[in-house]
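Protein chains in written order, with the numbering used here: chain A, 1 to 347; chain B, 348 to 904; chain C, 905 to 1162; chain D, 1163 to 1280.
Possibly wrong hints are sitting among the right ones.
As the list claims (entries may be wrong) - Label pairs and their computed distance ranges (CB to CB):
(1) 84/A - 1269/D: 27 to 35 Å
(2) 351/B - 73/A: 23 to 31 Å
(3) 478/B - 84/A: 45 to 53 Å
(4) 1269/D - 779/B: 43 to 51 Å
(5) 1042/C - 152/A: 42 to 50 Å
(6) 1263/D - 551/B: 26 to 34 Å
(7) 890/B - 1258/D: 44 to 52 Å
(8) 305/A - 1216/D: 41 to 49 Å
(9) 1269/D - 547/B: 44 to 52 Å
(10) 890/B - 59/A: 24 to 32 Å
Everything labelled a hint here was simulated from the structure, so no lab data went into it. Every residue gets a Cβ at the ideal spot worked out from N, C-alpha and C, and that includes glycine.
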Amino acid sequence: MGISEVLWQYLVKWLTNSALFPREASTIAPYMDALYFFLIGITIVGLLLVLLLIVGFSLRYRKALHPVAEQIEGSTLLEATWTIIPLGIFLVTFVWGALLYFRIYTPPVNSMNIYIVGKQWMWKAEHPGGQHEINELHVPVGRPIQLTMISQDVFHSYSLPEFRVKREVIPGRYTTVWFQATTPGTYHLFCTQYCGTDHSKMVGEVTAMLPEDYKKWTELSTSGMSLAQNGERIFASMGCNACHTGNASNRAPSLAGLYGSKVQMANGSIQLADGAYIRDVILNPSQHVPAGYAPIMPTYKGQISEDGLIALVEYLKQLNTNYRIQQTQTTSVSDQAAPTTPGMVKP
Amino acid sequence: MSASSTTILNLPDQTTAAVPKRNYISAEHGLLSWLLTGDHKRIAMLYLISITFFFFIGGAFAGLIRLELLTPQPDLVASDTYNKFFTMHGVIMVFLFLVPSVPATLGNFLIPIMLGARDLAFPKINLLSWYLYLAGGTLTLAALVLGGVDTGWTFTTPLSTHYLNTHVVTTASAIFVAGFSSIFTGLNFIVTIHRMRCPGMTWFRMPLFVWSHYAASILMVLGTPVLAISLTLVGLERLIGIGVFDPNKGGDPLLFQHLFWFYSHPAVYIMILPGMGVISEVVSTFSRKRVFGYTAVAFSSVAIALFGFFVWEHHMFIMGVSNYSALVFSLLTMLVAVPSAIKIFNWAFTLQKGSITFETPMLYAFGFMGLFTIGGLTGVFLAALGMDIQLTETYFIVAHFHFVMVGGMLMAFLSGVHFWWPKMTGRMYPESLSKLAAVVTFIGFNLTFMPQFIVGYLGMPRRYHAYPPEYQVLNVLSTAGATVLGVGYMLPILYLAWSLKYGAIAGNNPWQATGLEWQIQSPPLTENFTEIPVMDHEAYDYEWLEHKTQNEVTTVG
Amino acid sequence: MDNSIATTEPLMPRETAVHEEHEHVFIPQHRHHFETEEQQREAGSFGMWLFLLTEIMFFGGLFFAYLLYRNWYYDAFVPASNQLSVPLGGANTAILITSGFFMALGVWAAEVRKRALLVLFLILTTVFGLAFLGIKYVEYHEKWEKHHIPGASFDISEFVNPPKDAAGKPTQHALPPDVAEKTQIFFFLYFAMTGMHALHMIIGIGLLVWLIARAQRGDFSSGYVAPIENFGLYWHFVDIVWLFLFPLLYLINRHPLQ
Amino acid sequence: MAHDTVHEHHYHDPANVTNPEHAEHHIVTPLQYGFVYIALLIGTLLTVLAADQNFGFMNPVIALAIACTKAVIVILFFMHVKYQSHLIKITVACGFFTFIVLVTMTLLDYISRAWGLW
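Can you make the complete structure from the sequences, with help from the hints?
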């Protein structure tokens, strides 16, 4: 067709640069785009209908052609039509949107969990395998990835436009979202909730890689200590093992196999021991006193950072036996008393 | 009926006509007569001047934002300054321009006359409302001059309470005070509409302008105090440092979001409903026809007001609210979209079998109908839960609410100002120049905000000082549009000021309209009517007007 | 935030034509833009009620915050609520009801145009209002001494190890420190709600003093009672807010140990 | 109270739009105020006594019920809403309805937050 090479390059660059919608890089993207095009279709149809009516009536009944106006009271039939039809369309949109919403915000069970900690003006990603990233995220293609996110200060919002997912990152509570990348490549990561001075610098890169590349990357960039191991270190240094020894004392319950179980509370309610429960027990222990125990656990608020809490959650997630705790128990109990947290008021 | 086939403008003979000697402007002289007036028409003029002043300050900030976004790099101003720009743009435009503009100017001026009353129920409280508005405006300017505030107009906690040391408390008290101005305006309207209609003026003989202001006033009175308490709590939390919204001390930041949006969504209906009232009047007058389905349009205003209180959580869909409440609020948001659709179609069908002419107010009304349709339908995008995940907090939202607020509300405000300018000042605005301004505004608007829909879906976040280079093409288009829009908004100020002195004499009923306000002299007397009229005809009764002008011609002749 | 009621220039009260059967009273302050005095009075009380709607929604936000945090931190709210003295609170409620009673009698006195009685009742309303504020000051002062005012100086030691009563039995459950911190939220809500209520009382008493002055001059003894009636609505509203505040703040759980 | 209910509702001229309901300006006698006053004091006493008994979760319900009845009494008699036009009655109802909407719709979120987690 005789278009010169240079012109062709420019056209391609111009086309890709001013695309009308982001690349579809996750399994949910086509469904989101389908709803988007459906709604754009409705908007165009609605707009054309209204423009047709207005322009048509204006030209047909302009003063020159139709000098005397005929008064029309109105017609309940017409009123009914443009109440029922929009309502019908909007309800279809509602159902379709709700299905998509529930699909995005309920992660599948087998998804690989990555923790995201948002703090004023940067993103920290904590992989269970011990990889720590700043303003970056490396994920394998073809596997559902669940992001468990929390903020250390203000509201942020983890937005991946190419994956069509976005979730607010709130201080004080875990929020989750999941996606499954389909095509390898690097994509945008934005913070879309205004969070202060450098809100626009809180951006990053998400790199979707083929599984084997991802495995190679994990080996290269590991910090040598997985989150669970880091959790165990914090568990010991904070003196948790002084009470949670696992043998039948009524000072503190055994934590082996706690994650995922249902815990009977002192006030009779039953709570699911998931990540949020464990985090809240560490920060506000006396609000989650299990049945048969006294509220003697001190609060660790302000002493363990969000990353530390994530490490502890990961540690408890894989803690099935108290064997290692009792092992370290015999060596450390002899020479050092349970460290008292500063600021703790003597009961 | 004037013979010309392109306009219904019917001006008196300019050689002999003059602005009537006795009118509300010439009734008293001196600054105090204006600053201590109880006359609703004078207060409307005071509001018009102060609102225009704040509109241009807010507009200046919009211009600065668009200038910064010309380039992907953050190179015009520092990040803090940019954050203060968009916060001030938001606060001034929302609380000091959009909420009061049509109700406080056109509403104040016209509702008593349209109802056949001499004045609003509480003239002194009406004046107090203007002074509270001024106090709110001065406090906002004080916050601006002292160093600005950079929380965004939404004051998201815990950012606004613990992580910023700019003038949050000053701005919060400014909005608290301006909120009371809005409450008192709403209160005045409700009491006047209920208690001061002239004999014969039943609810269904009132103009639709009054209906829409009635609905907006309900929202003002019942919604604004919740904003007042949420800003008070933010102020208390900053001053005493207690933890109502602070997660570290056990507070819940989402509680602020609930209280804030409980007002701020009805606020957008406070902004748009009066605009819809203006459009009903303009479309009916320039197509010489009664509004199609009068009762449907009237009840849809009230339906919007009622449903407006049930939908606020669609601003918080991704903020971790429970899935089940998200479902309920998404469904209710779909329901609140239906009355707007009803109104648009009723206006469109008012044109049918009419005798349509295309003066400036009608051009703005057409602009409103087109742009509000787009704005309204893009709102349905955001009400759909799944779609909201991709679209919230991006430029798609910015485009949506600018389409509804600037494309809808501001077009309606300009349409109303041009439509009632002869009644308010006794002078006609220059027709051709104002038509040009309307077209320039329409083009500038579309050029500014259409690209933002696209860049929004591409993922560009809101309130970003710098953005990835691939969005530059669309942002440059948007900034170009903003300059055209700026010109479009500058023109009316010029020729309307010019018309005060040199405009053609308008006479009582230049548009040959049917409203009570068009049957008295323009500018009206201070007491509006020499004796209280008796309403004996339907709202937009052109046969009655025909009959009335017949008698006048015969009796004089 | 002064809710100035439609104030009018006090004209000298002219002789009023009183018909026995249908009381068509010519009110001196009949504003020109109303058709009849009847219309003016109804517009006035309707406008006042609309203003009270904004007050309902204003306090509504606070009541919802109270409802939320009471459910979240009930254990901390119980001992914190027991810090408040019920006798003082109960006395305050009775005082405020009495003040409302005298205000209602004042409205009656204005309607039957007995100037002396009206002035007396307004003064009694003010006195009981001031008594209420006095007791409030005593309670606030006691919180000041115990360091229970929220903010930097808030001290939770009294909740962590509550004082023993004479028989050595603890009067309250001892709260672990992290739950004890949540008592600060109770005290914030207590000071926010009762403080906002006290602010409305102070505004009310300010208006009362002004109304007494005008009543003394006889403005309200010739049939024009709108300011008194509207102020009565405002005062009873403030009374209703306290009727809800007292049980919700003072009586959360008077028998914690059972 | 009973003697003047006879001409409570006399004919309103519908055409008189200026004030269609022309409410008869009803004066509440001090005697009635006395009864209301005593009722309120009894209510306060009742709520204090009820608080000292342990009704479990019913305590707050009783406290609110008593407070609501006292509030209704004050609104009807002290604030004369019982004798005023329908418009005022509807306005009062609107105010409390909007407050109920604020509370219930927001609680809808807080209550159902933990639903999906079991």
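So, going through the hints one by one against the coordinates:
{"no.": "1", "hint": "84/A - 1269/D: 27 to 35 Å", "in the structure": "holds (32 Å)"}
{"no.": "2", "hint": "351/B - 73/A: 23 to 31 Å", "in the structure": "holds (29 Å)"}
{"no.": "3", "hint": "478/B - 84/A: 45 to 53 Å", "in the structure": "holds (48 Å)"}
{"no.": "4", "hint": "1269/D - 779/B: 43 to 51 Å", "in the structure": "violated (58 Å)"}
{"no.": "5", "hint": "1042/C - 152/A: 42 to 50 Å", "in the structure": "holds (43 Å)"}
{"no.": "6", "hint": "1263/D - 551/B: 26 to 34 Å", "in the structure": "holds (28 Å)"}
{"no.": "7", "hint": "890/B - 1258/D: 44 to 52 Å", "in the structure": "holds (45 Å)"}
{"no.": "8", "hint": "305/A - 1216/D: 41 to 49 Å", "in the structure": "holds (44 Å)"}
{"no.": "9", "hint": "1269/D - 547/B: 44 to 52 Å", "in the structure": "holds (47 Å)"}
{"no.": "10", "hint": "890/B - 59/A: 24 to 32 Å", "in the structure": "holds (26 Å)"}
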